[in-house]
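*Asks:* Residue numbers (numbering that gives the first Met the number 0), protein chains in the order written: chain C, 0 to 226; chain A, 0 to 226.
Hints in this document: simulated from the structure, not taken from any laboratory.
Everything numeric in this text was worked out from a predicted model, so none of it was measured.
Each residue gets a CB set at the ideal place from its N, CA and C atoms; glycine is no exception.
Covered stretches of chain C, as calculated for chain A (at least 3 residues, CB under 8 Å): (1) 59-68; (2) 107-121; (3) 132-141; (4) 144-150.
There are 2 protein chains.
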Amino acid sequence: MKNKLAVVLVSGGMDSCVTAAIASQHFNLAFLHLKYGQKTEKRELKAFHDIANFYSVSKKLVVNAKHFSQIGGSSLTDNSIPVSQANLERRQIPSSYVPFRNANILSIAASWAEVIGALKIFIGAVEEDSSGYPDCRKSFFHAFNKVIETGTKPETKIEIITPLINLTKKEIVLKGSELKAPLHLTWSCYQNEDFACGICDSCALRLRGFEQAGINDPIKYMQPSKS
Amino acid sequence: MKNKLAVVLVSGGMDSCVTAAIASQHFNLAFLHLKYGQKTEKRELKAFHDIANFYSVSKKLVVNAKHFSQIGGSSLTDNSIPVSQANLERRQIPSSYVPFRNANILSIAASWAEVIGALKIFIGAVEEDSSGYPDCRKSFFHAFNKVIETGTKPETKIEIITPLINLTKKEIVLKGSELKAPLHLTWSCYQNEDFACGICDSCALRLRGFEQAGINDPIKYMQPSKS
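Hey, can you work out the whole structure from these sequences and the hints?
*Replies:* As structure tokens, then:
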């Protein structure tokens, strides 16, 4: 019987949904979502609640982190910076990078975990197949575990778990399919809220993952997948 | 001539004011303040702006971090938990501890610093003479510097500076006096917004510091200092 509690960071995207599926195997779940002025904020929040309903999660925290819009510096939160079309071969960090976003999210998660007594924080970060965001690397999460260890009460034991960190998008799709994760409820597009655009970084990575897995993406796109 | 930029975390209290005085010796300043549902939020914000005016700081960011009230767990943000009277000898962490607050603040500061190109983040944390908060220790800040190093862009060089970390409150008062920091503009009380209560943790530490330094505290108290 599951009686231990874990916080899961649920953006509403595919990776966080598969992460929730993995966490649900061994933990009772508490879902955390961040609204941070991203252009598809409403659609992501709907996906968050839909996935929470699917897993019967009642412990939910939605944080309005407006400071990312105040700070700017990313095409996701600053309307003066366009969302770039995907270029999965490029080496540089794309315009959608929100400076140090994961540190902000993990800090909130650790504060909440300390208050509700959760032992783990699950985050669906992916190192190899991601867009090259610096705060998605194993070394970053390793360093953040040290921060939690030194910055919380002595009796607090909270550990960040990154079950997808070494997977490709193809493997994430296969894992989600194996665990019957509700991928039809997820939203990944950085740009649109009705039909996914199919051409932003996030759509391109997702579509390539489904294609390589040989599985149809259950959500609707404006444009057909580029192969 | 000063041409490098530093973010200073300015709560509006004495420690952050003296920290700003130290930072102003070598850097242009950008002031960051967090509203987090603390009971004296308005008074602290006034102190923040007063200190910014004193140092002619125009680059200011005030972040409304409401999630601390949502999360609760501290007498500073949760009205159902009373602010305890000071007990400077006790060993346990007081009820005013806001879980993992400094990690949240530093994450926001690092996001902002990365966007505006600041090289340092000054924070007036005090290890020995503090109330025993775990996120005020040197080991915590050391670990957080690692998180910034691993979680920001490769070209980003941001370092947390804690100029007061080894000082006692007495030494902070003397340092502030030496640098002509505007201590009359600061606010430290956890409980009141008109006259400082004189009996909460923060008032008691402050009053003891002034008394040991042999300097009169320029702000007004409801009750005389307990000696």
